[in-house]
Amino acid sequence: MNQFDYDIIVVGAGPAGSTAARYAAAGGAKVLMLEKDRDVGYPVRCGEAVSHEGVSQFIQPDPKWIAATVTKFRLNAPNGKSVMPKLDGGGYVLERRIFDYELAKIAANEGAEVITKAYVYDLLRENGAVVGVRSLIKDKKVDIRAKVVIGADGVESRIGKMAGINTTCHIRDMESCAQMTLSGVEVDQDVLEFYFGDSVSPGGYLWVFPKGNNSANVGLGLSVELAKKKSAIQYLHEFVDKRFPHAAMLTHIAGGVPCAKTCDEIVKGNVLLVGDAAHQVNPVSGGGIISGMIGGMIGGQVAAEAAANNNIPFLREYQHRWQKRLGWRHEVFYNIKEAISTFHDDTLNDICDSALKLPEEKRTLGGIFRSALWNKPSMIIEVAKVFVS
Amino acid sequence: MPQPHLMIHITPGKCDYCGCCVGVCPEDAIELMESKIAIIEERCTNCRKCVWACPWEVIEFHRDGVDQLPKETPLMLNQAVTY
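Here the protein sequences come in this chain order: C and P. So that you can map any letter, position 353 of the first sequence is 353 in my numbering, and since no number is skipped, the others follow by simple counting. So that you can map any letter, position 69 of the second sequence is 69 in my numbering, and since no number is skipped, the others follow by simple counting.
These aren't lab readings, by the way, just hints derived from the structure by calculation. Be careful, since some hints might not be right.
[What the hints assert, rightly or not] Below, in silico cross-link-like pairs of lysine-lysine (PhoX-like), each with a Cα-Cα straight-line distance of 20 Å or less:
| no. | chain 1 | residue 1 | chain 2 | residue 2 |
| --- | --- | --- | --- | --- |
| 1 | C | Lys138 | P | Lys36 |
| 2 | C | Lys81 | C | Lys357 |
| 3 | P | Lys36 | C | Lys140 |
| 4 | P | Lys71 | P | Lys36 |
[What the hints assert, rightly or not] Some chain P residues near chain C, calculated using beta-carbon distances under 10 Å:
| no. | residue |
| --- | --- |
| 5 | Gly19 |
| 6 | Cys21 |
| 7 | Asp28 |
| 8 | Glu34 |
| 9 | Trp52 |
[Stated by the list, open to error] A few chain P residues facing chain C, derived, Cβ under 8 Å:
| no. | residue |
| --- | --- |
| 10 | Cys18 |
| 11 | Cys20 |
| 12 | Gly23 |
| 13 | Val24 |
| 14 | Cys25 |
| 15 | Pro26 |
| 16 | Met33 |
Glycine included, every Cβ here is placed at the ideal spot set by N, Cα and C.
Required output: the full structure, derived from the provided sequences and hints.
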């Protein structure tokens, strides 16, 4: 008879991990969440923007983790013109270190145990089957047994690889990102700004997200394929030196975002992957907080049910439910990303011009995309090529 | 001597532990903790994806090998476990 310490072990306490732990515990499972860093929520490696609609599915918006409330986008074309579509329903720029902490607290309140400074270095196996994790907790080796292991270990995920899932992100799809939090900058505190163009961030975009009190997250991402020639950090320094020469730099971070389709496999035996580890990221925007939380929720729910009924094959349901909820959409977005990443300055300027011809109330992101297609028929061909291929 | 040897080098003390390199490594040859990083030499094929991916530009390719270069302390958690 197998003795298990826990029903479910969640590796990683970011938004996806905490949400998985929360819903698994709420589903009646005995849950342990392990975080390799000594603090939940720190260090932050994120632009920190979310929509109100997305985040409020999981947690009531609370001023203590909201740095700024935003209502509009500003899309800046390479020629300096810009268009300001509304952000339907509004959104927030988060204070991730407090936000992540709150999410972990919610998981703990549902009954999940949490341990920090706990690094998982391997899966625990018996007769070839995974029966838990091998961890280093506060520098002591500890083997912990569980029925299900959920890997929420981010872009640097190794849980999937240990389980035999191919989670390697192609360098074309890995966005190399750099960001500074700047203080003493004059930016509209209710606007998410985006800059496009070959000189700013080829094939990607640069963002300026307000963080309250004249501060902002300024960052950019570009495909590793392009970063070979010139790094994200160099592009960022050039932009900041020009646009915010007198700002104080409060943080300077860099990291990777897997802007790919969801991994082909996100379940193998009794191992699930959620969040960045499963590449559950919107491939166009690079946004992964909400989609990771949705993945975490579905993963946690399914894992709890599988553990309760000792029905490991039921875990496959997670893959189906994810595919139905967001996976299919990320596949469409991925194709759109492939098209957009080929646009050079002229195309981007044309899109901006055609958007500016729209009446103000129609300047939504969708409206701009449709009008761009309408006004620049060659774009239809470019996008169609991607969809047809 | 046709023995393959490690040509990838992580400049000690410069890594920010962001994990971008681990995400692109096809061989699962990079071990990353809160503030430790090491290349698992037996797995590394010197493909250089980590070199390109590193946003901080602290992973370098040295055609002549890295034996003479200063190293981060290896972790080697999977080996020589004694209880």
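Sort out which numbered hints this structure fails and list those numbers smallest first.
Hints that this structure does not satisfy do not exist here, as all of them hold.
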